[in-house]
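Protein chains: 2
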Amino acid sequence: MAPQLDSYFKQVDDLSDHFIERLRKAVAIPSVSAEDDRRPEVIRMGKFLASELKALGADVELRELGKQPHKEHLDLPPVVVARYGSDKSKRTILVYGHYDVQPALKDDGWATEPFDLTVDDKGRMYGRGSTDDKGPVLGWLNAIEAHQKAGIDFPVNLLMCFEGMEEYGSEGLDDFINEEAKKYFKDADAVCISDNYWLGTEKPCLTYGLRGCNYYSLEISGPGQDLHSGVFGGTAHEPMTDLMRVMSTLVAPDGKILIDGINELVAPMTDDEKSLYGDIAFTMDNLYESLGSTSGIYDNKEQTLMARWRYPSLSLHGVEGAFSAPGAKTVIPAKVIGKFSIRIVPDMEIEDVNKLVFAHVDKAFAALGSKNTCKCTLQHAGKWWVASPKHWNFTAAGKAVEHVWGVKPDLTREGGSIPVTLTFEQATGKNVLLLPMGSSTDAAHSINEKLDKRNYIEGIKLLGTYLHYVAEEPMKEE
Amino acid sequence: MAPQLDSYFKQVDDLSDHFIERLRKAVAIPSVSAEDDRRPEVIRMGKFLASELKALGADVELRELGKQPHKEHLDLPPVVVARYGSDKSKRTILVYGHYDVQPALKDDGWATEPFDLTVDDKGRMYGRGSTDDKGPVLGWLNAIEAHQKAGIDFPVNLLMCFEGMEEYGSEGLDDFINEEAKKYFKDADAVCISDNYWLGTEKPCLTYGLRGCNYYSLEISGPGQDLHSGVFGGTAHEPMTDLMRVMSTLVAPDGKILIDGINELVAPMTDDEKSLYGDIAFTMDNLYESLGSTSGIYDNKEQTLMARWRYPSLSLHGVEGAFSAPGAKTVIPAKVIGKFSIRIVPDMEIEDVNKLVFAHVDKAFAALGSKNTCKCTLQHAGKWWVASPKHWNFTAAGKAVEHVWGVKPDLTREGGSIPVTLTFEQATGKNVLLLPMGSSTDAAHSINEKLDKRNYIEGIKLLGTYLHYVAEEPMKEE
Ligand SMILES: [Zn+2]
Ligand SMILES: [Zn+2]
Ligand SMILES: [Zn+2]
Ligand SMILES: [Zn+2]
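Which chain is which? The protein sequence lines are A and B, in order. At position 43 of the first sequence (counting the first as 1) the number is 43 in my numbering, and the numbers step up by one without a gap. At position 418 of the second sequence (counting the first as 1) the number is 418 in my numbering, and the numbers step up by one without a gap.
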């Protein structure tokens with residue numbers, strides 16, 4: 001039997017101005033984690049969040065993470081952890097979000113003041129952090145408040161974990177989560193993260209997979225110092241010549257990875273999985289709009305989404321050490337470092353990929369017969385993440401979407417990574433659900449970031465509704 | 001009959017402290033043409049030179065070149081033109097040099113103050129501009145003074161052209177030379193430029209050839225803006241993938257240019273030319289020392305020098321628009337511009353090379369089947385220059401070297417370009433000789449630039465001796 005939520009929904013609607021006001025207060029605090037001199041603002045934002053939670057009756061703690069590595073004069077902002085409810089008969093849901101934001105300057109091209117929430121006549125609420133991730137974080141608080149004002153029992157115990165360094169690499173968070181998994185977070189039955197976006201603008205989605213990423217440096221060196229091409233051109237092995245050659249053996253213009261053995265590591269497509277792609281609300285025009293061009297590799301939705309979500313890709317990002325400015329410089333760079341990365345997917349293990357990459361590079365370089373020196377190293381790696389979309393955590397969320405929006409959600413994956421997802425899954429051993437609030441046009445890390453009022457208000461309804469469904473979903477995984 | 005120069009040589013030796021003092025005064029003026037706020041120092045240096053010339057009895061003019069293009073608040077430094085002697089019965093020799101210098105900061109790693117000439121116990125005179133090009137420029141003045149003090153008749157009429165913008169592209173000079181070729185410079189019978197270096201450290205050389213340079217931009221673009229490789233990797237044609245592919249088709253790791261038809265444009269080697277290479281004072285160790293490594297392509301002197309001087313080469317300089325900083329960034333650059341250049345040699349015409357390059361790039365890009373856009377353009381071009389080393393101007397200089405140094409000079413070419421050489425040749429229609437003063441270890445554009453006292457003092461003797469020989473050399477070209 002569907003939960004009776006009409007009075008909750010009415011409260012959310014009645015409180016919508018108040019909720020927007022709360023978002024306005026949060027956006028007004030420029031909690032930019034990447035800017036040293038705004039660190040006090042990040043900390044102020046953590047305290048604001050804590051005081052709002054306390055006012056709602058939650059138990060709140062500010063957990064310090066110590067000094068920032070390599071910047072020992074800077075305190076890391078605290079992790080705000082909170083518990084709302086501790087009824088042993090209820091399920092416990094752990095939610096994560098972040099209260100820091102990307103940098104923003106009006107001069108970057110914003111149409112409005114970035115830290116002044118500005119609502120236009122189409123209900124678009126512009127402001128840094130509106131959609132990433134202050135709107136979703138406040139969504140949980142607003143859901144609690146609307147339950148209180150509606151006089152409805154809160155359906156679960158809610159554990160909250162809000163960090164202040166997400167946009168700067170979540171410094172210190174992994175250790176914290178691993179440490180607290182069997183302490184503060186020990187009661188969690190499932191995890192929900194609202195920090196990604198709908199695939200489009202009209203249809204909500206649940207996200208069950210992310211690609212990982214292995215990032216490599218390919219260094220080729222020879223001469224003792226940069227040379228002048230007039231004096232040395234034609235007489236010495238040039239590192240750039242070798243680098244271009246080796247880099248061009250890694251991937252074909254149509255995106256096919258040319259490293260022996262890589263594609264064989266990829267989990268085969270099942271009919272079951274294939275069937276998920278047809279219904280996804282996505283068109284080639286969506287791709288072209290976001291690309292800003294029609295230079296897509298595939299001419300159909302299914303292959304495009306598969307290439308983004310479930311197949312690996314290899315991108316050549318750039319070259320360090322070569323001439324990179326406008327104009328003309330006749331330098332022969334002595335040492336150049338090519339940067340490339342591979343987005344990895346099930347069942348590619350990080351170490352297996354490394355072995356194949358290093359073997360390929362060694363072979364390709366040896367074939368050049370160059371007297372230069374070649375060295376390929378892994379800069380960083382992050383594993384892929386795929387959850388079962390048939391887990392009760394997802395089933396509950398799917399029903400909640402239908403209840404609030406009247407449509408079945410798209411089941412999506414993403415091509416990028418949200419590393420904290422895997423950390424929570426591995427540390428708690430519980431299912432993790434990504435339940436986005438914003439839409440694809442929100443411009444999270446760009447100028448004119450916004451959250452549509454509809455996504456915010458209906459999103460608050462959805463978060464509350466999800467908690468009702470997840471409270472009563474049979475605890476079985478199909 | 002060899003000129004009697006003993007009293008001249010004795011004066012040069014006796015005046016050597018005075019000549020070093022003159023160089024010290026010149027080095028002390030930081031005439032850095034690339035730095036806007038040092039422009040007054042460049043102008044001060046021009047005036048210093050003019051007053052020294054006047055004191056020696058030369059007719060001197062400071063010719064203004066107007067405002068600096070794109071920097072209309074800056075006056076270009078004047079060209080110092082001067083005439084010493086106007087005896088119709090004598091030959092007239094036009095000499096060129098520059099009185100501006102490269103930037104230099106003690107903090108760049110100089111062992112001494114760069115604008116404070118410092119002579120060490122091995123007679124190395126450290127200071128910015130010591131060898132490039134204040135030492136050689138003052139060499140002409142010193143030669144005049146030593147003739148006066150020795151009471152020897154000056155053997156030629158000397159026309160001088162000293163500019164103040166050489167290290168910043170000789171702004172305005174080409175027009176000036178073309179304009180004055182039939183005016184101020186109209187009497188010139190031959191031209192001599194002292195602004196390059198010996199091939200090694202022990203043996204003087206005369207330089208009769210320079211390679212030209214065609215510099216290209218290869219732009220590949222697709223997406224409307226930079227993309228995130230997580231979101232778009234595998235779904236869109238990536239400009240970097242295409243660029244690495246096309247660039248890697250231009251040149252082989254062993255330096256062979258792979259553009260159809262390019263190598264066929266090169267003038268064939270004659271036996272006569274080949275015979276010049278054996279005697280050149282150059283060893284593979286010289287190459288390895290200057291390379292800072294043993295990553296040379298050839299294992300013998302002859303092929304190495306031919307590759308540097310008389311064959312074309314193609315260097316890949318870098319990529320604009322891609323990720324070029326240290327660290328890891330998962331960007332798919334939307335527009336990347338590869339930079340490469342071809343050092344051109346006889347008989348490669350600039351336009352013919354362009355046609356072959358553009359055709360090659362078009363074909364290589366078409367073969368990729370990419371939906372991106374490719375555009376190759378010439379950024380700038382400079383023709384090669386080769387003079388006849390059997391011209392009387394060279395014969396005279398060769399005899400002068402034997403007279404002063406007791407050895408026949410190496411006849412060398414250079415792999416780089418000195419564009420003013422060709423300008424003088426074309427504007428005056430006269431033979432141009434490059435007669436270097438400094439040696440290969442002088443570090444002209446680097447930290448710790450120096451000129452050996454021996455090269456300076458014997459160099460002054462050589463410049464004067466050259467003028468005596470060139471005055472009496474039969475005016476025939478073999
Ligand atoms: Zn976020
Ligand atoms: Zn973000
Ligand atoms: Zn110079
Ligand atoms: Zn120079």
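Don't take each hint at face value.
Identical chains blur together in the list; that is why a pair holds if it fits in one copy or across any two.
[To be verified] With a Cα cut of at most 30 Å, we get these calculated DSSO-like pairs of lysine-lysine:
1. Lys203 to Lys383
2. Lys47 to Lys355
3. Lys183 to Lys67
4. Lys335 to Lys375
5. Lys54 to Lys408
6. Lys71 to Lys329
7. Lys67 to Lys186
8. Lys88 to Lys47
Rather than coming from a laboratory, the hints here were simulated on the basis of the structure. Remember, predicted model here, so these are calculated numbers, not experimental data.
Comparing the hints with the structure gives:
Taking the closest pair of Cα atoms, lysine 203 and lysine 383 come within 30 Å of each other only inside a single copy of the chain (28 Å); across copies the shortest separation is 63 Å, beyond that limit. Proximity of lysine 47 and lysine 355 under a CA criterion of 30 Å is satisfied in neither setting, with 46 Å inside one chain copy and 66 Å between copies. Taking the closest pair of Cα atoms, lysine 183 and lysine 67 come within 30 Å of each other only inside a single copy of the chain (23 Å); across copies the shortest separation is 73 Å, beyond that limit. Within a single copy, lysine 335 and lysine 375 get their C-alpha atoms as close as 11 Å, and across copies as close as 27 Å, so both meet the 30 Å cut-off.
Within a single copy, lysine 54 and lysine 408 get their C-alpha atoms no closer than 35 Å, and across copies no closer than 93 Å, so neither meets the 30 Å cut-off. Taking CA atoms no more than 30 Å apart as the test, lysine 71 paired with lysine 329 passes between copies only; the shortest distance there is 21 Å, against 36 Å inside one copy. Taking CA atoms no more than 30 Å apart as the test, lysine 67 paired with lysine 186 passes inside one copy only; the shortest distance there is 26 Å, against 75 Å between copies. In this homomeric assembly, lysine 88 and lysine 47 come within 30 Å of each other (Cα to Cα) only inside a single copy, at 29 Å, whereas the closest approach across copies is 92 Å.
Taken one by one, the earlier hints fail for this structure at numbers 2 and 5, listed in ascending order.
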